[in-house]
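A.B. asks: Fit chain B to the known structure of chain A by using the hints.
There are 2 protein chains.
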Amino acid sequence: METITIIGTGLIGGSAALDLRKAGVPKTLIGVDQNTVNAERALALQLVDQVLPLAEAVAVSDLVLVAIPVTAIAQLLPTLLDLAGPHTVVVDFGSTKGQLCEAVKDHPRRAQFVAAHPIAGTENSGPAAALHGLYQGKMNIICEKEKSSEAALATALELFTVLGMNTIFMDPKEHDKHVAYISHLSHVSSFLLGLTVLDVEKDEKNIFALAGSGFASTVRLAKSSPDMWAPIFEQNSHFLGHALGQYIKHLQRFQECLQNKDTAGLYQMMQQANQIRPVLEGIIPPVK
Amino acid sequence: METITIIGTGLIGGSAALDLRKAGVPKTLIGVDQNTVNAERALALQLVDQVLPLAEAVAVSDLVLVAIPVTAIAQLLPTLLDLAGPHTVVVDFGSTKGQLCEAVKDHPRRAQFVAAHPIAGTENSGPAAALHGLYQGKMNIICEKEKSSEAALATALELFTVLGMNTIFMDPKEHDKHVAYISHLSHVSSFLLGLTVLDVEKDEKNIFALAGSGFASTVRLAKSSPDMWAPIFEQNSHFLGHALGQYIKHLQRFQECLQNKDTAGLYQMMQQANQIRPVLEGIIPPVK
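If you're matching them up, the sequences are chains A and B in order.
Once you know that position 50 of the first sequence is 50 in the numbering used here, the rest is easy, because the numbers rise by one and skip nothing.
Once you know that position 97 of the second sequence is 1097 in the numbering used here, the rest is easy, because the numbers rise by one and skip nothing.
Hints are computed from structural coordinates only; laboratory data are not their basis.
Please note that the accuracy of each hint is not assured.
Stated by the list, open to error - Subject to a maximum C-alpha distance of 30 Å in a straight line, what follows is the list of computed BS3-like cross-link-like pairs (lysine-lysine):
1) K249/A / K1249/B
2) K147/A / K173/A
3) K1202/B / K173/A
4) K173/A / K145/A
5) K1173/B / K202/A
6) K145/A / K1202/B
7) K1261/B / K105/A
8) K202/A / K1261/B
9) K1138/B / K202/A
10) K1145/B / K202/A
11) K1022/B / K1145/B
So here's chain A without its partners, still in its complex pose:
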């Protein structure tokens, strides 16, 4: 991992750059970004040592990290593998895995690619949002590990170990289904909460001064970048659509209880939801 290229020098790629450099891993960190303003900022912030055009960067790299919106990853991956030397390893950081794996499934250099999803981020974006330790102690998912060469997999695992992550393995479909629930749905719920409140309170700008920490916490993800999330939602529309359907059903059931003054019903739903506490704390399994 002497020379690492990071495609996409925003929050995700930039944070990886910070920790790789801190660990003293790469001799050279190269940034590639079609957004020249971001590329220049990444250079100015010393996230990367140099900025190069894609082909040039890939040609000299042992490892290429792809941290751009997932639609762009799907489009770029075949080209990347075309450009890659025989020992270059390509790892993506995308939040969906099915379509990305599909995009390169017949590529002659498929074995040089590792499909990963390091589960980390914030609601901010761009090179200036890059954080030290963003990945530390968090989970990473690698899909189709059997389609990556042993060498490529070993390089990827070393990378995620340097970032402080725990890696597990999963089938791409299984991955996409689970993240629809444990990640994508919470983004949808937050985006639409923000939109709903803005919509109704638009003439009451001072009202937001009243918003407590609860609102702030629940609506935080509504600040996330549409450039990143629209492609994720598009690619995961099947599983996310299912998750969102379930969410809407539950909200409608709650609405019914509310309208029927069925406080016992409301109480029961909240009590069931409370099980999220021990489950998140890993103390007891969820009640069935």
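C.D. replies: Below, chain B without anything else, positioned relative to chain A:
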């Protein structure tokens, strides 16, 4: 404010007790709680100096804070004013205001009551959840100030100043409508997110290890106490029902875009939701 009674020695009442004592305001802090376990814990944690039966406590107090579920407040308020001496001030901390004001509107001692909503809390409950500084720097709403005596209002304002809060005044209906959006709806969205994910992932207990900080933030309020929230939702069902209806409509519109692969539509909704950032930061008014 030499002798203050706190009815309800949980998170809300207990946190007020901590900061009142720290400020050296009351000579005696009396706790009243129909839950004897909580009352004993509050005493053991030194949140209060003594625990007394309701009538006895109110009889000796200059100020009575009511920090119990809102249905219980509505039931108790007339009795409290019956029990109050001619100079005792009663202040409630409830998250709804319409029905509480209604409950005492014809009471001969209405002027001794101040209807307040200090907007602060956490997802935890009970005496052990009490926090120093919970109210510091946050907003408080007082409703129907014209129905409180000048002396009662002055006492309440002093109380909230000691707690570090900024007080504004509002009509009870206006209050209930706005908090439906900026507080109650976020609790509903979080409770149901928790329930939806538990429901689908119930057989996948290990999946929650994958949940990132985004899920944790959005689902945090799902840990809140149903004892506190079921009465709030019941009392604010009119305005909350409207808010929830709007939220469901927005989610359905998002679902449609998702199913029609209308990524531009998804993008636009997220971009609108992004306006929550400058609005919360108070930088620019929301886009209309």
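A.B. asks: Confirm or reject each hint.
C.D. replies: Consistency of the hints with the structure:
no., hint, result
1, K249/A / K1249/B, "12 Å, holds"
2, K147/A / K173/A, "15 Å, holds"
3, K1202/B / K173/A, "18 Å, holds"
4, K173/A / K145/A, "14 Å, holds"
5, K1173/B / K202/A, "18 Å, holds"
6, K145/A / K1202/B, "26 Å, holds"
7, K1261/B / K105/A, "24 Å, holds"
8, K202/A / K1261/B, "29 Å, holds"
9, K1138/B / K202/A, "22 Å, holds"
10, K1145/B / K202/A, "26 Å, holds"
11, K1022/B / K1145/B, "28 Å, holds"
This entry satisfies every hint, going by the numbered hints stated previously.
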